[in-house]
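S.K.: Below are the chains, spelled out letter by letter.
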Amino acid sequence: MPKATEREKLLEVEHIKVQFGKKSKPFVAVKDVSFSIYQGETFGLVGESGSGKTTIGRAVIRANPLAAGEIRFAGQRISGRLTKEQDQQVTQDIQMIFQDPMDSLNERAKVGYIVAEGLYAPGRHYTEEQRRELVAKALSDVGLLPEFASRFPHEFSGGQRQRIGIARALILNPKFIVADEPISALDVSIRAQVLNLLAGLQKERGLTYLFIAHDLSVVRFICDRIAVIHRGQIVELAGSEQLFAHPLHPYTQALLSAIPQPDPITERKKKLLVYDPACHDYTTDAPTWQEVEPGHFVYGNTKELDGYRKAVQA
Amino acid sequence: MEKQPETIMQIDDLHFAFTLRGQLLHVLRGITLDVYKGESLAIVGESGSGKSVLVKTLMGLNDGNGYVESGHILYEGKDLTTLKTDAEWRGIRGREIAMVLQDPMTSLNPLKTIGWQIQEAVELHQDLHGEEAKQAVYKILGEVGIADAPRRYKQYPHEFSGGMRQRVVIAVAVACRPKVLICDEPTTALDVTIQAQILGIIKEMQKKYGLTTIYITHDLGVVANVADRIAVMYAGDIVEVGRCEEVFYDPRHPYTWALLSSLPQLGVKGEPLYAIEGTPPNLFQEVKGDAFAPRNPGALKIDFVKRPPMLAVSPTHKARTWLLDPRAPQVNPPEHIRALREKGRALKLCEEEGTHA
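Line by line, the protein sequences give chains B and L. So in our numbering, spot 111 of the first sequence is number 111, and the numbers just go up one at a time. One gets our numbering by counting positions in the second sequence from 1 and adding 1000 to each.
Here chain B stands alone, though its shape is the one from the complex (with noise of 0.2 Å):
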């Protein structure tokens, strides 16, 4: 693996709050969250339902306004106001995968239109033709036929709806992807199969992926390095195996020790950790985000911190 800080950072977030609700009354999702990707890798973000997650992610694509602090994409700043021209550029180079295949395609309308239907914003200017070609590259890009163009969504299994998916992010050709979820709603024997197809994408076409998920076995297996989310503040990240050898803080411990192993004997023997936010003190010291080992940052006080460098040391 390249060292991280030779790497260029494609997409930099610091610390970007989001809230919801009246102004008198707000309701932070996402307090004080930095972190950044690099080009080419998958950065993976994992969390409980309600950690804010997927807030993070739309917050990305500039679905949810933010409160404070400020997103960069390749240098440029992409969060608040824009102009149209960049405003066409960062729509083109960000796309997202959507959770449930089901419920992301519209019912009423063709494939071949779902597909396409980045193509048709103003200011870009393709013909009919030209558009049938690059549905029909962006669908075969996917694994699907050509043909299935013509046909409506409700005719296709989960796994090739979801593809019809990944097909309509890729045609505007970006380069960076966020994912959230993108697997939870399918089948095991499926999953592999995207999984496989994301992988295979991200080799040919040198693609960053923002990847959300709670599924911590799967993130292990696709991701470069892990964010762990809890109540909308980033507790810890590192190089996933990183945090697969060392585990800090308790709410990671917790999370790694939930995992269900498809292994009747260790599962059985696994114990089971609980997270209770009550176990840190930071009234008199308050937590910062630290680096603990290369690449290996944490939230903690003083005292949590010295106890997480002893080990990750020992």
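No lab work stands behind these hints, which were simulated from the structure alone. All values reported here derive from a predicted model rather than from experimental measurement. In this text, a Cβ means the ideal position worked out from N, Cα and C, and glycines have one as well. Any given hint could be a false lead.
These stretches of chain B come out as covered by chain L in the derived footprint (C-beta under 8 Å, 3 or more residues) [stated by the list, open to error]:
#1 187-193
#2 217-231
#3 254-265
Given chain B, put chain L in place with the hints provided.
M.R.: Quick look at chain L alone, frame taken from chain B:
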């Protein structure tokens, strides 16, 4: 050798079909399965393999256009396939066989307090009333890990989180005092951390009330955690059945091989994951031979012609594949499976040494 356990339910060559727009959809194609008293059996398979239809048949909950073509379900000497009306079924549903459904968001009534919903089951099945029934509800709530029962009793489902709601659903099912508890994907809608807790509660209830549990799931991690025995379903048929360790460490059917190989936990990072090509067969048409043969790269010629019989590997382990026939050529399982076998063998050795020592 353990002594032969008592069977509580016997499913014998069950065929089930739905009529759909004038066509016949054969969902179950000859299921034969024994369920033993007090065990936990897991039925594994992908969506569309018929696992949900199978358990719904056990409770007579299938849609009106479905019917049993042939076969029997013997439950304590009674043939469940002869029951027709809801009135006839009422003696079985809840009272004998209860079910925990997949999605706790939709399986509770949003207009009634959860106390009312549990008390309904208590009054009907335990014959308790008034204050007594209320106390029983408090007790059950405590058992499934819901603290502060008197306050929770008066709350509505929307005031509960997903994991808490699933606990309530379990409480309703257990309040019926059933003999058999069917859990249809009890944890798929939940987070991993909550998932483990819910499985723990179901196991506890099983021990406490001597329940026989049938799990339906496609998550092999859950299966490894809870199951004594596993039945693998594919295209409306049971392709392999055996004790948990037998199926995990010494699988024999090519579909089980493929299923285990495609798990990301067993994959090597950076290499493509083993993927099963193609899609399951169309059950509107008659399936010839082994249903998995078209997706099996090492299929034998006979797999396309004749349906394999259920062949025994050991007294408790059976698989529906021609590979077990003495005339079949030796086919080596994929690499992952060989590794699993090694592991299984090593573990067995450990165990034996342990018992001798």
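S.K.: Could you run down the list of hints and mark each one as holding or not?
M.R.: Hint by hint, here is what the structure shows:
1. 187-193: Satisfied; 7 residues make the cut.
2. 217-231: Since 5 is at least three, the answer is holds.
3. 254-265: holds (count 10)
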